[in-house]
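> Protein chains in written order, with numbering that gives the first Met the number 0: chain A, 0 to 224; chain B, 0 to 791; chain C, 0 to 432.
Calculated directly from the structure, the hints in this document are not laboratory data. Wrong hints could be hidden among the right ones.
Restricting the straight-line Cα-Cα distance to at most 25 Å, the calculated cross-link-like pairs of lysine-lysine (DSS-like) are [claimed, not checked]: (1) 149(B) - 191(B); (2) 46(C) - 72(C); (3) 113(A) - 68(A); (4) 72(B) - 30(B); (5) 427(B) - 410(B); (6) 410(B) - 189(C); (7) 72(C) - 232(C); (8) 144(B) - 72(B); (9) 191(B) - 68(A); (10) 72(B) - 400(C); (11) 189(C) - 72(B); (12) 115(C) - 232(C); (13) 46(C) - 115(C); (14) 68(A) - 430(B); (15) 232(C) - 46(C); (16) 46(C) - 35(C); (17) 410(B) - 430(B); (18) 115(C) - 30(B).
Only some residues are given here: those of chain A computed to face chain C with a beta carbon under 8 Å [what the hints assert, rightly or not]: (19) 34; (20) 40; (21) 71; (22) 107; (23) 147; (24) 148; (25) 180; (26) 184; (27) 185; (28) 198.
Note that the coordinates shown come from a computational prediction; the quantities given were computed from them, not determined experimentally. Using N, Cα and C, we set each Cβ at its ideal position, and we do this for glycine too.
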Amino acid sequence: MAISDSTREQLQQLAARYPRPRSALMPMLHLMQSLEGEVTPDGIAACADVVGVSAAEATAVASFYTMYKRRPVGEHHIGVCVNTGCGLLGGDAVYEALCERLGVGHDAATEDGKFWLERIECQAACTHAPVMTVDWEYMDDVTPTSAVEIVDRLARGERVESTRGPAIRDFRATEHSLAFPEDGLAAEGTPVDAKMLAGLTVARERGMSAPGIPAPASTDDGQEG
Amino acid sequence: MTITNNPGTDVEVAVDMINVVIDGVEMAVPKGTLVIRAAEQLGIEIPRFCDHPLLDPVAACRACLIEIDGMPKPQPACAQVLGEGMQVHTQQSSEVARLAQEGVMEFLLLNHPLDCPVCDKGGECPLQNQAMSIGRPESRFVGEKREFEKPINVSAQVLLDRERCVSCARCTRFAEQIAGDPMIELLERGAKQQVGTAADEPFDSYFSGNTVQICPVGALTSASYRFRSRPFDLVSVPTTCEHCASGCSLRTDYRRGVVTRRLAWDDTNVNEEWNCDKGRFAFRYQTQGRVESPLIREDGELRVASWSEAIEVAARGLAEAAGRVGVLVGGRSTMEDAYAYARFARTVLGTDSIDFRVRATSAEETAFLASTVAGSPVHVSYDDLETAPVVLLVAFEPEDESPIVFLRLRKAARSGTRVVSVGAVATKGLKKMSGSLHASRPGAEADALRSLDDQTRALLAQPGAVIMVGERIAGSAGAASAAVALARETGAALAWVPRRAGERGALDAGALAGLLPGGRPLTDVAARSEVAAAWGVDTAQLPASAGLSGLELLEAAKRGDLTALLVGGVELADFADPALASAAVEAAGFVVSLENHHSAVTALADVVLPVGVVTEKAGTFLDWEGRPRPFGQVFRDALTSSDARVLSMIATALDVDMPADITSLRLELGRLGPWSGARVAGPEGGSGAGASGVVLASWRQLLDSGVMQEGEPHLAATARPTVALVSAATAAGLGDFVTITGPLGSVTLPVAVGDVLDDVVWVPMNSPGCHIHADLGVVPGASVQISAGGAA
Amino acid sequence: MSLTPVITEHWDDPELFSLAGYQRYGGYRALASALKQDPDALIGLIKDSGLRGRGGAGFPTGLKWSFVPQDGKPHYLVVNADESEPGACKDIPIMLANPHALVEGVIITSYAIRAKHAFIYIRGEVPEAIRRVANAVREAREAGLIGTNIQGSGFDLDVVVHAGAGAYICGEETALLDSLEGFRGQPRLKPPFPAVAGLYASPTVINNVETICNIPYIVDRGVDWFRQFGTEKSPGFKVFAVSGHVVRPGIYEAPLGITMRELLDYAGGVRNGGSVKFWLPGGSSVPMLTADHLDIPMTYEDMAAAGTMLGTGTPMVFDQTMSVVKAVTRWLEFYKHESCGKCTPCREGTYWITGTLERFEHGHGTEAEVDTLVELCGQIAGRSFCALGDAAATPYPAALKYFRDEFVAATTTSADEQFDPAAAYVFAGAVAR
């Protein structure tokens, strides 16, 4: 399959982002995944061609990173963290509930191509356990019930907000953002939540603050408290 | 002109030495030495898998962990550079090292199937051997081993049993670092990590077989050898590769009179530890289609004859034609056999009409070889390529035409040597050598050499610079002369790289009209008398004027001026004009063919005398450097004879004394030595403007329709597809296929767009679907018609 | 010890992520001051501050910067924002809430080490962090804070936000470099070290997100101010992320030297009035501690003295409902999944140990195997290619030190029989099982 001129142009744009084109291989694979819903041999070959490596070298890269899928993911990627801090704190039950709801297990897509379910590793959100992701956007502090509800709403095509990010789009849209992260959504949603403010809240309650700047300091009064 | 040794290359480089202690033994080693290499010098064998002296260290397998005083953790001996005063403890003197190695070995065997009884590597397996020396007697692992579908083809020739792999990455590093063919890679990750290829791109590297050889387990095997034998049942003989002039040292393994495999053998000066797949896998031709007994023609038909009868018929026929006999010696002869033909022609047949060049030739090339190449000692070596500031390639595609030269040039390029190719195609091979193209239309190389850019010229003037010309220079008018002139002007060394293994030896053996052994000009009386003395004849008995060679020889035979031909190991289709060659043999009144295989020549011959292939005789090839590559007889009880012995039998029948054994011939030739007198004049070529219109560029691909590749379907399946390569501009309007038409006919091939000069079409010279001599009736540089080809 | 919000001070301002919001609190003031200083003076300043890397190893940041040779080659700054260690969850919140602190730190650091190219390598699984940092970079570029001749200083800088694609190993700095160059993220042989031959074989500094975020504050407020926090060997403040069975898991910024007991108090204590069974100071790669260790100051040196490490400074706290066998098994499953495959001990060792632990979890095994696993960990630790192998070899022996009985019991009684899994759920009671 030949890639379109517009795709080639985008690939070249990514290559130009780096001092050496090969550095763009990962964003390129994200881009191909956003276009094709998976990383196909043709997509890999197209990336390899643009950066000037062999198809085997690009395949080696594509198969190393777990976010690149070599089967169609479908509309939404559902991840459930099953590492110690999430899985044992309830993520296991969330995963089981989703398996039951979706009728698939780990690393598999539903027959209707709507969802892909995956047991994922730590999402750097242990404070928000158990964590689920939809198209890699955070769905923090889920329960089996809330997780199934999220899936139900997605299945019905309803708007679903990430707990710390924008409204859910779809897997391909996220993959596109990974290639071109200036997606205009940085101001959407409320990524800073109560748990991220937990210490600040306690500090405010208890009247605690960092020591001020020792004199002589800047004449500005940039610091507070 | 003379070729001088490059000044400055023999300067001794001062080496900084450091003192270290390994297992209590003090030693001095050059700065930068790795622990594992120093330990080897002491005879201490540290286990290793990923380590390979010719590959960059990776320290991945961790089998070689050793202890160093002052370092908290065990270090990998394969990557640890020794420092002054370093105290190293291997497993011989350190419990830490021993336990570390034992632990790694236990891990390595964890997922290994331990299927040694059915594994080809069993008996010569580094994993098996090192597990015996450092491993635990029993595994503590009771879990399930990783499983893979087995085997998978990484190419038609190379198979992979992934469960045996220990992820040492020798194969993938070889492919990337040495061959420049990164078509195999480590895929996946962690315990699932495995060697593999891209979905539609097999590991069709000319050098793929090396990965099988350096695999330290039985993960990579060849379709050719898989399940054929156990290593301990094999007899191994060091040999030299007969496929090209690279001169690879090989090891030939056989069992019960049958060669089972060939391996690259170590020769640091030549092929290091590598060879190409043709040299490794193409040996089944040796046993197929053989001429098994002498044949003589009777009533138009060949019939089996006794040796004595056949020799007598041959001797009589040749004697009757005395003075009007031509001798054609194939380019694959050993030097000793070629020497026997050279001597036989002059002393028995009384003719100087002899040629070894079964390909395009020219009088200019003859002069070039006689004046510049023949009888000269090694003046450009493989090692010289590594230190050359620039290597200029003329009418020479190393990857196809001398693959070990290619590997060495690639190595050189990795350390800074600039490779510049004078040609019409910036090939993938050139890119792998990081080389650049100095554009020249085929046939216009002479002009291109005269118009070299200043930068390249300046590099050529630096000490150590090299110009390498290929055998195709014969087909480009003026190119050889221009190359000689360029070498003279810049001081660069000039090397001629023929394709066939026997050509350089045949040249030095005197198997070319006008040239006696050692580069002696036949017309020089002193040269003649030296040779006459060595041959025990009167100088007056030797022909005093140059005979016929090349086209002249064939045409003379066709005209009937030559009434007999003595032909040894020649494929008529290999001549630039196969029809002429065929007509020449047909026209000759009497043809004696010394052959190991039935061929177009044997089909026309009056006497066919079977001779041995390389496994059945001893001999020497001179590689392109001029370096003798002697080899012994693999099958000592072979029933065949060398060409030299057969010629001696004919000579005896005609009452001429001629040595029959290889050793005597080799000694005699050695005693003659190279000519020290004046040489014939150098070549005087024309302008070399080349033809107009669309011209043909072509050379023989390494893997093609060559007769010595017969019987190896797996190897053939890794050959490059037959395509016509053109520039994007030339391709415009052609469609997917192009029809190329020459005087004799046309071929239709798939179009591939590449870095080719406009109005040049490159096709393989002798590949399935495209044999330019026979199909088109053209040679490289000829103008051809191209048109859109439709479906082939 | 008090909480001391610095990096987190204004996180409750929903506009902080924007340039305007950040500048509201003195943002980019440090940059203006830095650009007037000699780069070497800045390196000296950071050296004097005693700032240590917040990514886990605690290497002195100023010293790292000073290793960069001042030769003709281009220099690069690479920010390690690949936060993937189980338990570590402090860089992502920083990038979500205060991305400009990172960007300002990147510009100042690049100026100090004379890099004209900086890369922020963010793990691909958190697109929100990537888009917020990319947005901050865009805003900074549009404001002339990134680009050519920044604020008339003559200093040029390009900053690229790079998305990873799922590989914990890329948190290892040389693997990150290979990944950033478009290769498989497998660690490189050292030497050469990145400071000499890093990205594109050029001198490269690799710093953690939180480390870089400290830079603007140190430049702005000075070494003396910075050294008020923490100890002599561990100066400064730290963004602690407390997770697990605590009442208020979340981000708590405090001086180094605060104790777990104090952090636990701020986090509302163990949930349901329970008690600490075991806790880890900073990610799954550091040895676990127990309730006996709650009063040890959380500094690099004190944690080391207690036989563990501060690591990422993101304590995970688990109560008595937790099966240590399952906890360790999950961690090993993680290391097995994330082992890059390059070296034998890590690749094969994690395969073996994980398989055995999975049998333990289901009540199958022998007591001899309990000890064999310790030996196997010993066959990995110190012998693997990179620190991931050492990390994989850490949880089991550390757990065995305190909970041997539980592992021995698991060879005959499954973990779920020993501990009701639902009891460990944070929503226990919220759902009926």
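> The structure should be examined with respect to each hint, and the outcome stated for every one.
We went through each hint and held it up to the structure:
1. 149(B) - 191(B): holds (15 Å)
2. 46(C) - 72(C): Measuring from Cα to Cα gives roughly 23 Å; hence the hint holds.
3. 113(A) - 68(A): Measuring from Cα to Cα gives roughly 15 Å; hence the hint holds.
4. 72(B) - 30(B): Given that 25 Å is the threshold and the Cα spacing comes to 23 Å, the pair holds.
5. 427(B) - 410(B): Holds. Residue 427(B) to residue 410(B) sits at ~16 Å (cutoff 25 Å).
6. 410(B) - 189(C): holds (24 Å)
7. 72(C) - 232(C): violated (34 Å)
8. 144(B) - 72(B): violated (30 Å)
9. 191(B) - 68(A): holds (15 Å)
10. 72(B) - 400(C): Status holds; Cα separation ~23 Å.
11. 189(C) - 72(B): holds (14 Å)
12. 115(C) - 232(C): Between residue 115(C) and residue 232(C) the Cα gap is close to 32 Å, so the pair fails against 25 Å, i.e. violated.
13. 46(C) - 115(C): holds (22 Å)
14. 68(A) - 430(B): violated (33 Å)
15. 232(C) - 46(C): This hinted pair holds, its Cα atoms lying about 12 Å apart.
16. 46(C) - 35(C): holds (18 Å)
17. 410(B) - 430(B): holds (13 Å)
18. 115(C) - 30(B): violated (36 Å)
19. 34: violated (16 Å)
20. 40: At about 17 Å, which exceeds the 8 Å cut-off, the nearest Cβ of chain C leaves the hint on residue 40(A) violated.
21. 71: violated (17 Å)
22. 107: violated (17 Å)
23. 147: violated (11 Å)
24. 148: It is violated, given that the least Cβ distance between residue 148(A) and chain C is near 12 Å, above 8 Å.
25. 180: holds (4 Å)
26. 184: holds (6 Å)
27. 185: Status holds, d = 3 Å.
28. 198: With Cβ-Cβ at 3 Å, under 8 Å, it holds.
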